[in-house]
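Novice: So you can see what is in the structure, the chains are spelled out below.
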Amino acid sequence: MTQVASLTLQHNDDARPIIEAILADNDGARVLSMPGAVKIDRDMELVVNRASVEARLGRVWDPQEIHLVLISMAGNLDEDDDAFKVSWKH
Amino acid sequence: MTVKKLGLKQRYAHMTRGLDWETTYQPMDKVFPYDSFEGIKIKDWSAWEDPFRLTMDAYWKFQAEKERKLYAVLDAFAQSNGQTKISDGRYANVVKLFLTGISPEEYQAHRGFAFVGRHMRGVGPRVAAQMQSLDELRHIQTQIHTISHYNKFFDGISEFPHMHDRVWYLSVPKSFFDDARTAGPFEYMIAIGFAFEYVLTNLLFVPFMSGAAYNGDMSTVTFGFSAQSDESRHMTLGIEVIKFLLEQHPDNLPIVQKWVDKWFWRGHKVLGIVAMMMDYMLPKKVMSWREAWDIYFTEAGGSLFQDLARYGLRPPKYAEQATFEADHVSHQNWAVFYQYTHAAAFHTWAPDREHLDWLSEKYPTTFDKYYRPRWEMWAEMAKSGKRFYNMALPQLCQTCQIPMAYTEPSDPTTTCFRHSKFRGETYHFCSDGCKDIFDDEPEKFAQAWLPVHQIFQGNCGGATVPDVLKYYRMNVGADNMDYVGSPDEALWNSWQAGAIKAAE
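Protein sequences appear in the order of chains A and B. One gets the numbering used here by counting positions in the first sequence from 1 and adding 89 to each. One gets the numbering used here by counting positions in the second sequence from 1 and adding 6 to each.
Chain A on its own, in the form it takes in the complex (with noise of 0.2 Å):
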């Protein structure tokens, strides 16, 4: 069975951006839209890049803020400066 990566946020204003920089660095990934939240699917790996956030909000943007808007996550996290990434690869 492919190993999932994922992460839920939370379908608000503040999560838009980091919803379409995620949906467009990650080449196959699959969105499933419950009531009031977003989840984000990909085989083993998805990454959030601060740049895409910050094209996208016209302004800085640190990858720790997507505390506000995280609901859940699947997958090993690693979390620097410029992305926010969580995977099963080793």
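Okay, derived cross-link-like pairs now, DSBU-like style, lysine-lysine, Cα gap no bigger than 30 Å in a straight line:
id	chain 1	residue 1	chain 2	residue 2
1	A	Lys178	B	Lys323
2	B	Lys290	B	Lys368
3	B	Lys15	A	Lys178
Computed far set for chain B versus chain A, every beta-carbon distance over 12 Å:
id	residue
4	Val37
5	Lys49
6	Ser52
7	Ala82
8	Asp94
9	Phe394
10	Asp446
11	Tyr489
Short, incomplete list of chain A residues facing chain B, as computed with Cβ under 7 Å:
id	residue
12	Met90
13	Gln99
14	Met123
15	Gly125
16	Leu159
17	Ser161
18	Met162
19	Leu166
20	Asp169
21	Asp170
If you're looking for bench data, these hints aren't it; they were derived computationally from the structure. Here a beta-carbon is modelled for each residue, glycine too, at the ideal position from N, C-alpha and C.
The hints should help you fit chain B onto chain A, whose structure is shown.
Specialist: Below, chain B without anything else, positioned relative to chain A:
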């Protein structure tokens, strides 16, 4: 000259490491007396990696921002009389179930993580457990604040802390956390940090909050997702702790595996109330329990245990049994509450035709065969003035404390009973999973405070149902019984009539 800013990883290292010291006035073993008796071997505490590199200053900043957003919404909800805009008056019972059955466990989690945050020898997990302890305290506070608004209008809410320590079905989540909190710090971390937070918490919060979002409950959506934003940090702590224990020493594997088996099964039993909430209580349904189980356990849990297989850890022992039960548990649980509606602090109802059809569609292999006929029979009985109440006190499982309402793995028409002997007494269980747990720690579970036993022993206000309900502080005729005919329903209908009149 520009000063080069430290990267996140370096900042985190500076802010969290080197703050601890070896004690000299007292030996370390006396300062940390609880982190060795469980048999877990730790060679190097500094190998602990915190994937969320959240420093205390960033923690306060983000938590304050979450609180500002939450309280703005709560205020707007109250100001605009949001309670009149929910999908249906029945929905309020979802909120009651949450506050009485789940919020007190946030407080138990707060105390549990405070204990771990004091008693683990390594500074990395101590800091993470302390943050989580603060989160859990925030959760119960925001939940009480949010739901206090509903308490102004709906019954069954005001006595929630009193009820939590006494009422028969609330002993199920209470005993779950009592069990975790009376274990050692490592078992607590596997129980709550890993099995509950990582493997099962999505099945609790995502359905509750998405359900709230779909049913017009703006305030619960907001506290729920605000809490859940902490939850992803908790999940990461859970996965980190299990990897850390398994990497530290090969002797840890059998101990950790036993805890994973135990706490998966215990958590799965507690989540039966969420199953029932999703399939029976939400006026507008988000997805079935079965669908949520497939997404959040079969798929997400599958990926996780595939990853952990490299340490020799296998999926929980009764995972397949739990997946089988996903087609049954909500129907069996709601039937229990329907029969015992006189002793529940929320309202019940029989599903109407449209709802029955939805259940038939979502549960094609089980609902029409085993459960629909029972609801149709009970509906007939109610129509002819013989609404079915079960007045006998149920036998409870010694481990999970749920009434013996579950069926044999091989036969959904036969009630499942198991038993064990211990020190000359017979103890009863609802499942093989619960019997295994007892057999491994009989000294602990023989002491369980079982509500039905306590009633029979005369410790719950008296020998009759009214005596016991008084002891529970249940406002008879308002808090309990069917939704139809309740003061809640009358209030809801008056709001609807007012809205129609205003529109004319």
